[in-house]
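S.K.: So you can see what is in the structure, the chains are spelled out below.
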Amino acid sequence: MKFTKLIPFVVFTLVAGAGTAQAQEGEAEERDKKGFLTGSFETNNIYFVKEDIEVPGQKTPDDRFGSNNYLKVDYIRSKFSAGVQLESYLPVIQDYPAEFTGTKLTNIYASWVDDSFSITAGSFYEQFGSGLLFRAWEDRALGINNSLMGARFTYNYKNYVALKAIWGTPRFGMEYDTGVQFRGLDLSLNISEMYGAKKSTLLLEGSVLNHYQSVPQSYENGMSPNVTGWSARVNYENGGFMAKAEYVDNGTNYFPNTEMSSEDPREFVGKRGNAQLLELGYSNNGLGIFLTGRRFEWMYSKFDRTSSSAANVYNYLPAVTMQYTYLLTNLHPYTPLTQDSRNGEIGGQADIYYNVKRGTWLGGRRGLKLHANFSTYYSLAGKGNARADKLMFRDFSADIEKQWTRAFKMNLLYSMQERNTDYGATAKTELAHIVVGDFLYKFTPRFSLRLELQYLTSKEGDKDWMAGLLEASFAPKWSIFVSDMYNHGNDAEANRLHYYSGGVSFAHSHTRLSLSYGRNRAGYVCSGGVCRIISAYTGANFAMTISF
Amino acid sequence: MVKKLLLTLVALAGFATLASAQMRLPNVKIENEKGELIQTSSLLDAKTPMIISFWSTTCKPCIRELNAINDQFVDWQDQADFRVIAVSIDDSRSASKAKAMASGFGWSDFTVLYDKNQDLKRAMNVNLVPQVFVVDADGKVVYSHTGYNPGGEAELLKEIIKLKK
Chain A
1026 MKFTKLIPFV VFTLVAGAGT AQAQEGEAEE RDKKGFLTGS FETNNIYFVK EDIEVPGQKT
1086 PDDRFGSNNY LKVDYIRSKF SAGVQLESYL PVIQDYPAEF TGTKLTNIYA SWVDDSFSIT
1146 AGSFYEQFGS GLLFRAWEDR ALGINNSLMG ARFTYNYKNY VALKAIWGTP RFGMEYDTGV
1206 QFRGLDLSLN ISEMYGAKKS TLLLEGSVLN HYQSVPQSYE NGMSPNVTGW SARVNYENGG
1266 FMAKAEYVDN GTNYFPNTEM SSEDPREFVG KRGNAQLLEL GYSNNGLGIF LTGRRFEWMY
1326 SKFDRTSSSA ANVYNYLPAV TMQYTYLLTN LHPYTPLTQD SRNGEIGGQA DIYYNVKRGT
1386 WLGGRRGLKL HANFSTYYSL AGKGNARADK LMFRDFSADI EKQWTRAFKM NLLYSMQERN
1446 TDYGATAKTE LAHIVVGDFL YKFTPRFSLR LELQYLTSKE GDKDWMAGLL EASFAPKWSI
1506 FVSDMYNHGN DAEANRLHYY SGGVSFAHSH TRLSLSYGRN RAGYVCSGGV CRIISAYTGA
1566 NFAMTISF
Chain B
32 MVKKLLLTLV ALAGFATLAS AQMRLPNVKI ENEKGELIQT SSLLDAKTPM IISFWSTTCK
92 PCIRELNAIN DQFVDWQDQA DFRVIAVSID DSRSASKAKA MASGFGWSDF TVLYDKNQDL
152 KRAMNVNLVP QVFVVDADGK VVYSHTGYNP GGEAELLKEI IKLKK
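If you read the protein sequences in the order shown, they are chains A and B. By this note's numbering, the letter at position 224 of the first sequence is numbered 1249, and the numbering carries on one by one without gaps. By this note's numbering, the letter at position 137 of the second sequence is numbered 168, and the numbering carries on one by one without gaps.
Please note: incorrect hints may appear among the correct ones.
[What the hints assert, rightly or not] Capping the alpha-carbon separation at 20 Å, the derived lysine to any residue pairs in SDA-like fashion look like this: (1) Lys1467(A) <-> Ala99(B); (2) Lys91(B) <-> Leu1495(A); (3) Lys65(B) <-> Phe1266(A); (4) Lys1296(A) <-> Val1240(A); (5) Lys1129(A) <-> Asp1202(A); (6) Lys1467(A) <-> Phe1531(A); (7) Lys1084(A) <-> Leu1437(A); (8) Lys91(B) <-> Asp1424(A); (9) Lys171(B) <-> Thr79(B); (10) Lys1084(A) <-> Asp1424(A); (11) Lys65(B) <-> Ala1257(A); (12) Lys65(B) <-> Val1240(A); (13) Lys65(B) <-> Ser1552(A); (14) Lys60(B) <-> Asp1424(A); (15) Lys1467(A) <-> Tyr1439(A); (16) Lys91(B) <-> Val115(B); (17) Lys152(B) <-> Ser1552(A).
[Unchecked claim] With the Cβ distance kept under 10 Å, some of the chain B side facing chain A (calculated, not the full set): (18) Ser134; (19) Asn156; (20) Thr177; (21) Pro181; (22) Leu194.
Please keep in mind that the hints were generated in silico from the structure rather than gathered at the bench. Predicted model, so just to flag it, every value in this text is computed and none were measured. Built from N, CA and C at the ideal position, the CB exists for glycine as well.
Please construct the entire structure, taking both the sequences and the accompanying hints into account.
M.R.: Structure follows, in structure tokens:
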């Protein structure tokens, strides 16, 4: 592994460089001279319990235990920093990508951030534009860490020009996949700054990304080992108004041939991916409006063409919809269509936020916060066009937040969700209406109770659900909760189950501990619009984070 | 194996706790409200302390905490001079939404920054949000807390008043 051999050398060079540069700095930097260590430790553990009754989709691992652990330590000394991340899966929690296994020093880096440039050697994270073309990031809840091992260089000339250059090999599970290489460039020109415009900001940006992987023998279809994609972007901002547009050409990637026949025996066929994104926003004086439109096809970017692991991805295609936080609103979150015949989508969403001021008729003594969202997504009618075909997902929601008295605060939410249940294979959809009431009462400055009451009604699928949650908080350290979701309307009596949960959390200074026990439904764990499918399980969770 | 790992962890944690007495605001690049990259060191003005709060559009407790600070901002300013930096860790997809949200919530007194590549989040070792820091005028981190319980924001004001000496 030539990359890993390079690291000590790089680290040494940078440390030595940092030392010399430090010695020349003036008194202002005196206090930084010693540098400091900082870091964090996170552990997530589940003990699985086997139930006597049948829970739909429930799986219990044989050894009943899963434990994901992360230790990150950084040394920072003024402009210099270096660090490592140690990960340990003892074993990995059920339904995480299976590539995470054992214990290893997975990430190591050294970096120097100066006024006009920065350089990072080792593992790093990066994204170009909105991430449609390229994103290397870590999301522990999803089991994604596709950081690159290599080098990243950034340079800026005043505020006019910003350049990023990257080269590296992606992390896949516990290893860096040395058979795969990325080379990329990203350029941002601040046009308004160049012409001295004061009021508005205009940025013109573009990226190029090359992905290399030697083609396996079995893929002989004239597949090229190099895939080059690019993106072009415009960002404009004036007063409270903003507009962003992005076009991505993802290059030609290979997808399973869905029309395989004796005339066309190719197992894989090349498809040129492309995406368009438009965002418009207006914010001023307590009003915020945000619109997004997006269309893409053949944008599923795997760095290793031979693996179907969820961890094997180098771009970011999240669901651009309302991201809910209440139990029943998240039973069936939308995930975009990226694979196989489900190759693309077209749709958009609109958000409006309004803060009704204190002292107005509607705002009352303490003001009122209003928010509404609408989103709708369709599959594509055919290749290379923008015609909508089948409805994949549609959602309307409205919520209000009202502080009635110093002690009492209320949130109300209504959501209507319609989703395609066949991933676009047919036009069949299911519709659900959900209402949520969330009430917070502060008994003393430190003690408060929060109650959530939720109801979902639907004529289809699992039909009606109800849910409740009660949380008691003793600020700033303790909180305890109990919750239950009950599928009382299910046609099958055996499936009219309670999904209960209860737990306690404690936070003090740099440490947070939480312990809970409950029955969890099969479904999705989502983070930032990207979801991971999990099996139903019953068990105890213990999590701890320490930062130092 | 596990024992060895634990020992290493304890040793590292202990070492780091000793060394971390002087954790400072790290210097990384981050986007401001206009989408321009600024360095975090430019936030320090050697006069006023800051509350740095990490939040995201999908984090309910984060929004509750920032709204609670916003509701009391004027009263707190009577007691001590300080600034609030709300660092959105939303990715590029939700960062524009975060902007609309910040305006809709009336956070006009806050400086909202967008840590799209999560460089500041990593440098400050934030694992869970909400996480809040109190940083003195010279950039020294004097207090931090993970998670939010209603009323917990009072601790922040206490720390800021302590800095007045």
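S.K.: Which hints, by number, does the structure contradict?
M.R.: Per hint list: 7, 10, 12, 13, 14, 15, 22 violated.
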